[in-house]
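Residue numbers (my numbering), protein chains in the order written: chain A, 1 to 171; chain B, 172 to 685.
Hints may contain errors.
[Unchecked claim] Quick list of in silico lysine to any residue cross-link-like pairs, SDA-like style, CA-CA up to 25 Å:
1. A:97 - A:40
2. B:589 - A:65
3. A:138 - B:643
4. B:589 - A:147
5. B:589 - A:19
6. B:335 - A:19
7. B:571 - A:142
8. B:589 - A:40
[Unchecked claim] These stretches of chain B come out as covered by chain A in the derived footprint (C-beta under 8 Å, 3 or more residues):
9. 526-532
10. 576-583
[As the list claims (entries may be wrong)] Label-pair distances were calculated between CB atoms; the ranges are:
11. A:94 - B:553: 39 to 47 Å
12. B:444 - A:119: 21 to 29 Å
13. A:147 - B:259: 50 to 58 Å
No lab work stands behind these hints, which were simulated from the structure alone.
Being a predicted model, the structure only gives us computed values, none of them experimental.
Cβ coordinates follow ideal geometry from the N, Cα and C atoms, glycine included.
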Amino acid sequence: MPPFDRSDQQIASLVAFIHTQQRSAAAMGPRGTGGRKGVDPSDLQTGNVEKGRRYFEGAGGCSSCHSPSGDLAGVASRYKGLELEEQMLYPRHAKSKVTVTLASGQEIAGTLAYLDEFTVGLTNASGVYQSWRTRDVKYKLDAPAEAHVELFSKYTDDDVHDLMAYLQTLR
Amino acid sequence: MNLPKRAILFALSVVAFHSIAAAQGASQQLLLHPTADSWPGYHGDYSGRRHSALTQITPENVKNLTLAWAFQTNQSIEIKSSPLLVDGILYFTVPENIWAVDARSGHEIWHYRHPRSKGEHIGHRGVAMYRNYLYFVTPDAHLLSLNSKDGTVRWNVQVADVNKGYWTSMAPLVVGKHVLVGVSGDFDNISGYIRAVDPETGETQWQWNSTPPAGTPKQTTGGMTWMTGTYDPELNLVYWGTGNPTPVLNGSTRPGDDLYTCSIVALNPDTGKLAWAFQVSPHDTHDWDAVETPVLVDGDFHGEPKKMLMQSSRNGYFFVLDRTSGKSLLTVPYGPVNWTLGIDKEGRPIPNPAKEPAPDGRLIAPDEGGLTNYRSPSFDTKNGLFIVDAHPSWSVYFAKPADGTYGWAGADYDVWGKGVIEAIDYQTGKIRWSHEVGPGGSGSGVLTTDSGLTFTGDAFGNFLALDSTNGKTLWHAGSGSYIASSPTTYELDGRQHVIMSSGGVLFVWALPEM
């Protein structure tokens with residue numbers, strides 16, 4: 001490569017600029033290259049607030065579990081943009097409750113900690129973990145997040161955008 | 172007892188012959204007709220059915236299955252390969268590593284470590300074998316041939332240019348005197364291809380390109396060939412799946428079908444000539460590679476005998492084709508899909524333009540990982556069931572002008588998914604039984620046997636043996652890590668073994684020794 005006809009200071013500035021660009025690109029992660037891009041909150045503003053509120057109270061069934069002045073008050077301050085939409089579609093951190101009934105008839109309730117085909121485990125009110133073989137007990141799950149799963153096949157994309165518009169008013 | 176001398180000599184010569192014959196390696200005969208004590212290629216045999224005739228382990232006795240031995244690779248990369256078994260020795264891989272292990276004891280015979288190379292180290296599906304030579308691809312898209320007895324390298328040829336964005340991860344397919352290799356890569360302006368190489372010298376014999384060169388007007392690049400195909404010796408056709416077009420989520424620069432991306436193709440293995448192609452996802456904008464195993468099945472279809480090819484594809488559809496012509500026999504979803512306007516008269520899904528990635532997002536079923544991925548399905552010939560680890564899932568796909576028209580050209584986010592083992596009636600697409608395997612996705616491929624067992628795993632790392640008629644669990648064992656491979660089985664010393672891996676460990680199961 002031919003030598004630069006520049007002062008030392010100009011070359012140092014050029015090098016610093018290149019390194020800054022490199023750091024910015026790296027900081028964007030794969031978004032800075034040919035990898036996955038990102039989503040801005042401004043991308044998610046195509047919905048209608050009033051339609052969203054009607055969907056929330058009506059066809060979406062959201063008000064059977066949620067309240068804009070209750071559990072969802074300030075939700076748009078807690079989550080913004082893509083994160084809010086992802087939580088709205090499926091609140092992956094929502095905990096399930098479980099009640100286990102032993103052969104004796106005794107019932108033990110707690111927060112679901114583990115469940116596969118063979119083992120059910122919960123943490124009790126004190127946070128202590130207990131488990132049983134599923135073949136030895138009966139158990140009943142209360143999994144509020146699952147109501148979200150049922151909506152996936154029912155939403156139109158407009159419903160999703162309208163709901164987002166409405167939820168973003170709950171600051 | 173005093174045996175006559177002639178009888179003793181005869182007995183010795185039989186033993187000697189067997190010893191010589193036993194060291195033949197993977198002959199053409201073995202590849203065409205694998206014996207009970209072998210698994211000479213990635214799929215076991217050329218059909219891709221991953222269905223075994225072994226019946227020692229049955230639905231009645233599988234509850235007694237016990238650990239024969241485990242082999243720990245002592246490293247954290249999860250095993251995705253299917254181990255080969257030839258002449259009592261297992262060969263399996265992770266990127267840049269091959270282990271040769273005694274199938275009786277589980278102890279290491281040799282371990283080849285390739286020097287750290289450039290390229291994507293996303294996974295490795297295993298080696299291929301021809302006579303006493305192994306064939307092994309590297310992250311920097313080289314193909315090595317090694318001596319199976321000690322792992323020494325015979326030759327090393329470049330199959331693709333890693334600096335352009337290619338890498339390789341697949342187990343090659345040996346057909347006759349051809350070693351077939353497929354390539355991987357996510358960058359723009361590179362085409363997928365299948366290259367046939369001479370097994371003795373590594374010289375290129377032919378190459379079939381899935382897409383035309385970069386810059387061809389109104390055409391796309393991409394179409395990577397990163398999973399091992401299958402082969403029909405009577406028709407002398409190799410069947411292979413191709414990956415997605417680029418740019419990935421934005422199809423505006425590549426209007427039209429984007430041939431031959433997201434397709435199943437039939438090639439002559441001697442010449443590389445295309446016999447037919449069927450496109451599973453015309454004009455894909457969701458990264459749904461159609462590289463899943465093209466499973467070859469001979470059987471009745473609606474009362475007529477047919478040579479079929481079946482694929483449970485990433486895009487959510489189950490395809491049954493006539494493999495002599497590529498004509499569609501059946502196209503049905505095998506889980507939630509919401510991105511099509513229906514099926515056209517050729518049996519191809521019609522993509523809905525309203526479900527292409529958009530600036531404000533589109534809710535799409537399935538997710539980018541697909542309704543299934545690279546793990547193998549199995550065709551149970553006894554029950555007529557195509558059994559697959561399915562991943563019903565939902566995601567949101569975005570693409571806006573600022574994302575450009577290069578590379579991923581957008582963003583996609585998984586919202587929710589779970590794993591379900593589904594047994595599909597191949598003539599109708601109806602799901603005969605399903606077995607839930609947990610949130611996320613199961614990760615394990617499927618193996619079926621003639622005794623009526625389905626071997627697979629769940630999302631928690633439990634190895635499972637299911638009753639193939641109804642999906643009920645008959646045996647399980649917790650493995651302690653994520654299962655990322657497909658099971659294999661073989662018979663050795665009169666004992667049936669099943670290999671299932673989890674994390675970096677091979678677990679080998681058998682009934683207790685008498």
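Now the hints, each set against the structure:
no., hint, in the structure
1, A:97 - A:40, "violated (35 Å)"
2, B:589 - A:65, "holds (24 Å)"
3, A:138 - B:643, "holds (19 Å)"
4, B:589 - A:147, "holds (15 Å)"
5, B:589 - A:19, "violated (43 Å)"
6, B:335 - A:19, "holds (24 Å)"
7, B:571 - A:142, "violated (39 Å)"
8, B:589 - A:40, "violated (28 Å)"
9, 526-532, "holds (count 4)"
10, 576-583, "holds (count 7)"
11, A:94 - B:553: 39 to 47 Å, "holds (43 Å)"
12, B:444 - A:119: 21 to 29 Å, "violated (55 Å)"
13, A:147 - B:259: 50 to 58 Å, "holds (55 Å)"
Hint compliance for this structure: hints 1, 5, 7, 8 and 12 are broken, all remaining hints hold.
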